[in-house]
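Student: As a plain string of letters, each chain reads:
Protein chains: 4
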Amino acid sequence: MKTLIKLDLDKKPWEQDGLIHNRWHPDLPMVAMVKPDDEFRVECMDWTGGQIGNNDSANDVRDVDLTQVHYLSGPIGVEGAEPGDLMVVDILDVGTLADYQWGFNGLFAKENGGGFLTDHYPEARKSIWDFHGIYTTSRHVPRVKFAGIMHPGLIGCLPSKELLAKWNKREAELIATDPDRVPALALPPNPQSAVMGKLTGDTAKAAAAEAARTVPPRDHGGNCDIKNLTKGSKVYFPVYVKDGGLSMGDLHFSQGDGEITFCGAIEMAGYLDIKVSLIKDGVKKYGISNPIFQPSPLTPTYRDYLIFEGISVDEQGKQHYLDVHVAYRQACLNAIAYLKKFGYSGEQALSILGTAPVEGHISGIVDIPNACATLWLPTEIFDFDLKPNADGPKIYLDGTVDTAKAH
Amino acid sequence: MKTLIKLDLDKKPWEQDGLIHNRWHPDLPMVAMVKPDDEFRVECMDWTGGQIGNNDSANDVRDVDLTQVHYLSGPIGVEGAEPGDLMVVDILDVGTLADYQWGFNGLFAKENGGGFLTDHYPEARKSIWDFHGIYTTSRHVPRVKFAGIMHPGLIGCLPSKELLAKWNKREAELIATDPDRVPALALPPNPQSAVMGKLTGDTAKAAAAEAARTVPPRDHGGNCDIKNLTKGSKVYFPVYVKDGGLSMGDLHFSQGDGEITFCGAIEMAGYLDIKVSLIKDGVKKYGISNPIFQPSPLTPTYRDYLIFEGISVDEQGKQHYLDVHVAYRQACLNAIAYLKKFGYSGEQALSILGTAPVEGHISGIVDIPNACATLWLPTEIFDFDLKPNADGPKIYLDGTVDTAKAH
Amino acid sequence: MKTLIKLDLDKKPWEQDGLIHNRWHPDLPMVAMVKPDDEFRVECMDWTGGQIGNNDSANDVRDVDLTQVHYLSGPIGVEGAEPGDLMVVDILDVGTLADYQWGFNGLFAKENGGGFLTDHYPEARKSIWDFHGIYTTSRHVPRVKFAGIMHPGLIGCLPSKELLAKWNKREAELIATDPDRVPALALPPNPQSAVMGKLTGDTAKAAAAEAARTVPPRDHGGNCDIKNLTKGSKVYFPVYVKDGGLSMGDLHFSQGDGEITFCGAIEMAGYLDIKVSLIKDGVKKYGISNPIFQPSPLTPTYRDYLIFEGISVDEQGKQHYLDVHVAYRQACLNAIAYLKKFGYSGEQALSILGTAPVEGHISGIVDIPNACATLWLPTEIFDFDLKPNADGPKIYLDGTVDTAKAH
Amino acid sequence: MKTLIKLDLDKKPWEQDGLIHNRWHPDLPMVAMVKPDDEFRVECMDWTGGQIGNNDSANDVRDVDLTQVHYLSGPIGVEGAEPGDLMVVDILDVGTLADYQWGFNGLFAKENGGGFLTDHYPEARKSIWDFHGIYTTSRHVPRVKFAGIMHPGLIGCLPSKELLAKWNKREAELIATDPDRVPALALPPNPQSAVMGKLTGDTAKAAAAEAARTVPPRDHGGNCDIKNLTKGSKVYFPVYVKDGGLSMGDLHFSQGDGEITFCGAIEMAGYLDIKVSLIKDGVKKYGISNPIFQPSPLTPTYRDYLIFEGISVDEQGKQHYLDVHVAYRQACLNAIAYLKKFGYSGEQALSILGTAPVEGHISGIVDIPNACATLWLPTEIFDFDLKPNADGPKIYLDGTVDTAKAH
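In the order they appear, the protein sequences are chains A, B, C and D.
Mapping to numbering that gives the first Met the number 0: the first sequence position 79 is 78, numbers consecutive.
Mapping to numbering that gives the first Met the number 0: the second sequence position 98 is 97, numbers consecutive.
Mapping to numbering that gives the first Met the number 0: the third sequence position 220 is 219, numbers consecutive.
Mapping to numbering that gives the first Met the number 0: the fourth sequence position 377 is 376, numbers consecutive.
Calculated directly from the structure, the hints in this document are not laboratory data.
Heads up, the beta-carbon is just placed ideally off N, CA and C, and yes, glycines get one too.
One should not assume that every hint holds.
Simulated crosslink set (EDC-like; lysine to aspartate or glutamate; CA at most 20 Å straight-line) [to be verified]:
#1 K233/B / D384/A
#2 K144/D / E379/B
#3 K386/C / D384/A
#4 K317/D / E161/C
#5 K284/D / D397/C
#6 K386/D / D384/B
#7 K233/A / D303/B
#8 K168/A / E314/B
#9 K144/B / D36/C
#10 K5/B / D98/C
FRET-style restraints, in silico, Cβ to Cβ [to be verified]:
#11 T399/B / A31/A: 45 to 55 Å
#12 A164/B / K393/C: 41 to 51 Å
#13 P121/A / N111/B: 44 to 54 Å
#14 G398/A / K11/D: 54 to 64 Å
#15 E81/A / K168/B: 51 to 61 Å
#16 T399/B / L96/A: 51 to 61 Å
#17 G286/B / K279/A: 52 to 62 Å
#18 G286/B / K393/C: 21 to 31 Å
#19 K109/C / D280/D: 33 to 43 Å
Please take these sequences and the hints and turn them into a complete structure.
Tutor: Below is the structure:
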């Protein structure tokens, strides 16, 4: 496998010869061109570009500079790709790097990014996950071990000027409804810390001023954080600019559906082996608005789950109308309450839900006024029996070990 | 297997000797008592109590009386059950009835119930699904066939007075925010068409006036429409009243995650074989707010899916904040647009998404401002190749067959 | 589903209006004719025709009359079927009968049939298995419970005269090599107890004198005892006589690969729902010698197995040449030795291997002189932890309960 | 992951500083010592030590020197291991080497090793398989692609003197029954080409004269060729000598059950990441005769198989008694006959059965006189529809491409 993008992880993202960018903009020059059916390797930094360390303090998570994220490798051009085509991306492999056999999961402080349960767990926290071949364990979250489902959290093609303008407009309108909210409703273009790949000088500055941030998933895919885009899967991306411009990063060793801890999954540096090809005019032929994909035949399999239900009544007892966000939050809180009965701290339980191969299902979405969401927790990842029985739960953790705090 | 509740499907729900009710109220008398570890059969009508016929007109779907639904069998008491216990329900089997080897799927008219995509498909429509052993096909939706995953859409224990009051209060507050909305935001207590089981006379009238409607899933479970509560699964229900009072109904031969057509899955009459037992004081022991469950080792398995992404930008291009409801709607609309390229009508495609073993995942829910939902469509249920290729889609249906319309 | 063959289980096999036969012969008249694409139900007796009772004595297993077996329902003719066609049989459903919610597993006495491990377990033994919806348990084999994978042990089309002659010749030649062996090497035609369906008088007698016994699987399929021919599977059978003549029986609620107890699986009466169609001239088109089939999407799933290896060195330490029979026997004996450490008797362990969803794999068959076979035992069917750990096994059974003996 | 055994693949096996051996003997010195719970990497040559090239001629397969095989890395000692313990080996990962992104599959000539179907396919043939991340394809076998299930074909602990003597005795007795057979019945000790690791001089010579060949699986495991010992599995090996002495090699990218081509699977060089621990006195505690193991949660999943049956009647029509070897051979021949209808040569079909994730099941083994074996061929690995239909098979290969021949 030819390495198309080779990084030096001892250097900063902006010292990588323009192979990395952290904004979406149509003018980003291709860092390499490939032909249809080419196979090649792309190395990626972790999404923060190395801001988080393998240690027992969450200071770095607390102080993370979110204007920097996400650091992506690319864009890569495919000869012959034109707007309206589908770029078919086979994710042939995803792997770790020999000297980076660990990843991190963090809870952002409410003041700095927050997350799905930030009102319940507002402090910065961190857990480090060591890799053991296909498995991972954490010294901060004992008695749980699972096989990874490695995937890029973020992958997609460059937007066109028109698409970029549409993104900026609709997100600005949302922000305008509550511009001072903490955490923010959305992140507008921000030239601070922008890394614009091979663009330099005034062109780079101009692009950075209007370039889209990388946080949300959008029409082109992007930061979908879909755990099933793992090695062996195949994705069909809409092409918006000449040559396509495929970029990728934010690799995860494992993630639960929803990536509810925001920072996020088990975040890591690593590599992707991919193959690209084209379906000419595929967007129109197949009526595509967002990427579609096929899963891999090689994913970790679990059979025995404990499944938690949540409905769209919030923590204060207020009734929401078919709101799956609220319903899934309740399912997650229910799972956390359950795990705490076995001795886990809330933050540890949350870390498990964010990193382990947890499934989040939209179970019912029409039975007014309650949506019903379910969280599927594989019991086989615990080294004790998690299922209910007549004797009640046994406490397996004595509280001496917890996720790392800031101090 | 002893038949604890035996119905006569030639009779109306209210002619079944008080074995059926269609409201939730703590005063509903037990129709039978069982002991822990008992195993028994419960027969159930379809959720409408026989309002929908096996024919080619959607008039009955258009005119359905929703004040009647859902017709439930029970409540069944378990000796020794007390508030705070967990009632453990093993769903040993779910089956069809010899003379009812068919089910229905409907799109309600927007004026009469609507559904998840009612703004796109506002007309009443119906498809009839014939059962062939474990499989089903529809004369209204050609070229698709799948194994059922039979389950009760609705099952749970009677609420206490306090819980009922809480439900009524929070739902009334929601309704008050837009009382004239069509479809309604929620359904308040309504004595019209109430069937109160063994309650009679003034007691029944008084109960019906405050009894909760059966449509939404709530804290006790109820109408969760979770397709995975299939034969072989095990559910832990909170108990709120003496003897528990377990009721069930709304059987489905198959359903997609979300039950997006509202009427709904493949709806059918049938039976449940269940076993009950108790975990004394289990609610507190395990910190339970909503039912939890374990899936079955016996569920239809698919490997090859086409997966559609949706983000929380609506059909008008408006940006919503981490709204999974909107995101899943986009994923569904994307799947429908795709299926139409092969010749299905929009209503047929919608019917497939509502009935087939489609998975709906909450993939990303923290990447502001976009939630990302995915709809997993098993390609193996089609008798043609549904996957994208360079040649573009082939039209396999000529439009001569469609879902049944009202006229 | 139309019931094509309806039995009265209170009557003997030979009192069923000629709907049952227990020998293979081309002259057996069709008991019913169907058209291609017809769907219908066929009821079946258990393979012994009711010789084994739901009780706690193995006397009936010890004294079973094996000249009677297997009692089959059919043959059923398919209009248009001709020799050389493939008869496509969809096994739409397999079910139990309302009044027969139990099955039996037996170890035949070495003097009367024996079995795979008859030198180790020569006594007649019996275990009764109760059905609980999709699950089964046995009062004779505690602490194990599993979902059934119901299937016909025996199904196939009538042989032609030529095929029958070939069978009789090759089996006679084998018997001639050791005619007095106990158990016998093979079973020659035997008119005693022959039930010849709709054939009567001298024709029946003549046919019975040369008809093939039903015990072995042969070119046409027959007694393959393949547990995966379960509800939802599809089989392609070669047709040898006009109209095909499909017969079936020997229903199993569950069985392990190899059916190593001979009597055999969890044997039961029940029904099959099937659909038939034809591929004209399919035998030649596809180069078919034996039936081929496709599995069901609906089979019990297990993830956690304990896998036992066996090699082709026998119990006396003798080396055999790539003999999978010997290797699988060692794998089975290894599993039994292991299960005994937890308190099971050898016969109980054997009963588990014969009935539970155990897989038997031919793992290596070229590494002279040893074949390697593996037996896959799903650990999830036990209600205790079966896996090795540093503390050694715990004894969970105190020996007070065992399989039923003869007396 | 620390690399415990690092090889130089440009050198010969006997030039690797004694890190490699190709015979089993108790006196082989440990090449390294580890502690219980250590995790480490072991590099392995391909089983032939580099005799087979990535080219289009089968000359190397024809001329392979089988006195050399198998080249194993080790033995590795575990501190504290004593005879009677169980050595628990977690196979954390199995991987390819950066410069060796290919493997080979060969049919040995009948005169030089032969194989399972050597009477049908007696010529030397070869196919080269290229790796594409988790997938593999072959330029010699078009239109088939599958995910690998990488595993060591050979792994186990050193035998004791007593065990070695037992092996040599029983195998010699078998050879003596037909000493001139081609291929041989078994392979006696042979000092020619013996590589004895760290043993040197006369000690090495003496050991080589009695050391066991590596071809067969034996009591200690060894060359089991079990495809399910893949990354993520856990094996319990009996310990026979002080420190255990774990050796491993014969890595496969993928293999079908039975490894029916002998040479064999997709053979490759690569690495294993393993973790070792001990269960003291585990052999007795658990009654272990052969290794037992648990499978991985991460294995390629297929749902749609075409399953071929075989019974123990051989190609000449001769009846064998419950002979699974014969039955599985028939199942394989049936599958080959079928595949040829689509245009594959017999050798190509055989190569598919040897390399692809084909399952071989012992389906029935008690129905005298016929064993029934089944071969499960996943249809999803072909890029065309392999299933029978009314139109008959379509020829997808024109015969211009075939496996490589010798010349």
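Student: Taking each numbered hint in turn, which are not upheld by the structure, reported in ascending numerical order?
Tutor: Checked against the structure, no hint fails, so every one of them is satisfied.
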